[in-house]
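Each protein sequence line maps, in turn, to chains A, B and C.
Just so you know, we're using the working numbering here: the first sequence kicks off at 1 and counts up by one.
Just so you know, we're using the working numbering here: the second sequence kicks off at 640 and counts up by one.
Just so you know, we're using the working numbering here: the third sequence kicks off at 766 and counts up by one.
Hints in this document: simulated from the structure, not taken from any laboratory.
Model, not experiment: these values are computed from the prediction.
We put the beta carbon where it would ideally sit given N, CA and C, even for glycine.
Be aware that one or more of the hints could be misleading.
Chain A is faced by these chain C residues, among others (derived, beta-carbon under 10 Å) [claimed, not checked]:
1. Arg768
2. Arg771
3. Leu773
4. Pro774
5. Leu778
6. Gly779
7. Ile781
8. Ala783
9. Leu789
10. Asn791
11. Gly793
12. Val797
13. Leu801
14. Ala824
15. Ala827
Some chain A residues well away from chain B (every beta-carbon gap over 12 Å; in silico) [claimed, not checked]:
16. Glu155
17. Arg157
18. Gly338
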Amino acid sequence: MIAEAGLEALWLAAALALAQLLFAVVAVRSQPEWSDAVRAVAVLQGLLTLFAFLMLIAVFARTDLSVALVAENSHSAKPLIYKLAGAWGNHEGSMLLWVTVLAMSGATLAAFSRRVVERTLIAALGAQGALALGFHAFLLFASNPFARLSPAPAEGRGLNPLLQDPGLAFHPPTLYVGYVGLSVAFSLAVGALLAGDVDQRLARAMRPWALGAWIFLTLGITAGSYWAYYELGWGGWWFWDPVENASLMPWLAATALLHSVGVLAARGALKAWTMMLAMIAFAMSMVGTFLVRSGILTSVHAFAVDPQRGTFILILLTLYTGLAFALFAWRTASLKEGAPFELVSRESGLVINNLLLCVILGIVFFGTLYPLFAEAATGEKLSVGPPYFDSVAGPIALLLAALVGIGPLLSWRRQSAPFARKLAVPSLAAATVLVTTIILAPDMRLLPRFGLAVATALAIASLLPLTGRNFLRVPLATWGMAVAHFGVAVSLAGMASDSAFTRERLVAAKPGDTLQVGPWSIQLHGLAPTAGPNWTAIEAELRASRGRGVEVLKPQTRYFTDPPTETNEAAILTRLNGQLYTVIGKPTGDGSWQVRLWWKPFVTFIWLGGALIALGGVLALAGRAFKGWRPFRRQERYA
Amino acid sequence: MLSVPAIADSNMPPAYWANRQLPDPRQESAATKLMFEIRCLVCQGQSVADSDAELAGDMRHLIRSRIAAGEKPNAIRAWLVERYGNWISYKPPAAPIGWPLWAAPLLLLGAGLLLVRKRISRRRAS
Amino acid sequence: MSRALRFLPLALLGIILAAMVWRLANPGDSVVRSKLAGKAVPAFSLPAAIAGKPALGSALLATGQPRLLNFFASWCVPCIGEAPVLDQLKRRGVAIDGIAIRDRPEDVADFLARNGDPYQRVGSDTDSRVQLALGSSGVPESFVIDGRGIIRYQHVGPIEHDQIPLILAELDKAK
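Build the full structure now, drawing on both the sequences and the hints.
Quick look at the structure:
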């Protein structure tokens, strides 16, 4: 009953998406009085899709095994949170979440948009409806989450143990709000190009959407990285895996977009770039969805692989991106760009920023797809992984990070006052760090060494726009910029530190042995069996000390039965200056056990930085939202 | 119809150097670096350094034993590529098939700079 | 903005989509094959896997006649299904040598007792060293090696009953 209700709601929503598109076409071309109908339909479509999603949650909560999806991915013994999160821990369910966010974004745009010119808004809603129509069709015809199974099995197959983690509750929904939230930027760009309205007003309307989606993407990627770090048991936090790259690419495009839209909002310039970036960002989201679900690239994170579904998504991707790019080619001819920017100005800084972000995006995209190109052209298989991306994208990202410190110090239009003096302190700090590391750690590789130096310089430089002013009168948006850029420095410091200072010990230890890693002495006190709600485990007791006090860590090797899998549960001790990461492995046969230990100084800065970046975005968003409510607007001067 | 090699687990413990570090830190560091660059044969996209598969353990054992014996990492990589093709190395080859990858960043930067040169100019007179 | 520039995104999109369509139409083969086809078997020397059965070394593979080298293991489930097929091949006159991967002598003996023993010699490769040296990536796999010790053909996975003619043909080509 519940499943059928959900399915019917989806069909209705799909029909409404079609209506939304058709009404919008009519409204824009000839009958503006249909605009209200378009808005109403958009809101209704969103609510119906949301209802369908809630029905899916309901069948998972009740472990309704007559629904095929529940039978394949759930189990009555699972804890409730994983029953619920398991709703999106599979292809069909996550696709329904994707479409729900798409529909609700359109509904929100229709209900709450104030700043957009009416005609552009209706055209954008039409575009949003077209997007929804295609993906609803995908759901209904190729990925029905509500398909029934008859006869219903006695028990479900269970959820992959690697997914039975709070990360599953948080990471996908956050990421999807980010990916799919970018669809509104896409639709606004399409709408604006169709209506001929690419200007500052549009930029101010698009900015909160770009910023909002970007915040969620930042959080989602940060959370995903931390989840992989503590779940997979080898202490790595980024693998340049194709699925990870698929999430990074929209983020890179969205970062470029939110900076570009700022220039468009402030100066009315970079019209074509901003529209193209808005389209690329969501196109990257769709490419990501395609890569992850089609099976054309191998990955640890891949969903159920199905080339037929992949073909469907590819058709949608071709249609939407192709039409959007064709629209761009046709309509940008009539866009008037302003005079060139001064070489030393905020605008130029932002252009260089965008350029470097797009170069990194291009490298990641090319590197991820190159094995495919190479095999198509020569039949030979090759792999492109961390050695490539680290050595190529790394230095460019470092250069970008250095420039991030300089850009906000430049004035709009033309930097007239000498500003090199402001850079003295950050530069000196960077030089000091560089020299210190050369003296104290001569073996450090080049990239982490420069990483630490740049991080130091950026940390100081990012706070400089706040100095010399009354703190209480600094706009919230400027605080946001400073915090976000500071977060980049923090994250960079964490990455460099992890790369340069991590100490690793792999040993076969007998109970009673004491091991050293970094400043820590760790004793393997003993091992004991233990059990949880749907698993059994061998748990080791490790006693760690670095001078004062003893900490107990209990890493486990867990055994699940539904489905039968073995996982490593690392035990992590977090201190202010790093993390102690411990894993227990297999017995070696002579009474000793494999123990893996890492001391990772300042590794938490990586994700702390990510959180700060997102926080900066939130402050910027809040700052602008508040600003918009004031009775009159001042010409923006800073940020 | 099965045409993929079995992925069951054997009864034997891991090979000696699969999960032990070499006593010489420099050698261990070189070995670790190489292990992160060699692809696990039976995994879905992991290096031998962070895979729990038995064959990955044996490959780590192979790499560490050879480094301990004084062999250079590039020689070991070449030996593996000779047997499994370029696919097994995460570092793209220096051979012509890898050139577009190494050229890409320069080309992208160059193309980008060309694109922006019209957007940025220095005013001659103030 | 120049015309070339405005159409560039569309052009790039076309190339990328073409590659993706190609891939969907030609799904990747996830099997990793050895690149040593046509090259000599790398030198190796393995101890005997069980008492009473001769040990195996690379020199013993160049006998003047083609031989089949089979990688197997007692813990390998598809190997059980392959055993009768290997027996069939043995009856047809094929000389088969085996290499047991990561196996204890008692387990190998047990496996051969239960599933039949088509091997003339069995080597014990406890750390997959020879497997890696030949470019094999799992069990079961079989290599056709000609009389001069050159690898001529690699069969990944168990030899199925209907593939016997194929194996015989490869052995014939290697004469």
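Taking each numbered hint in turn, which are not upheld by the structure, reported in ascending numerical order? 13, 14, 15, 18
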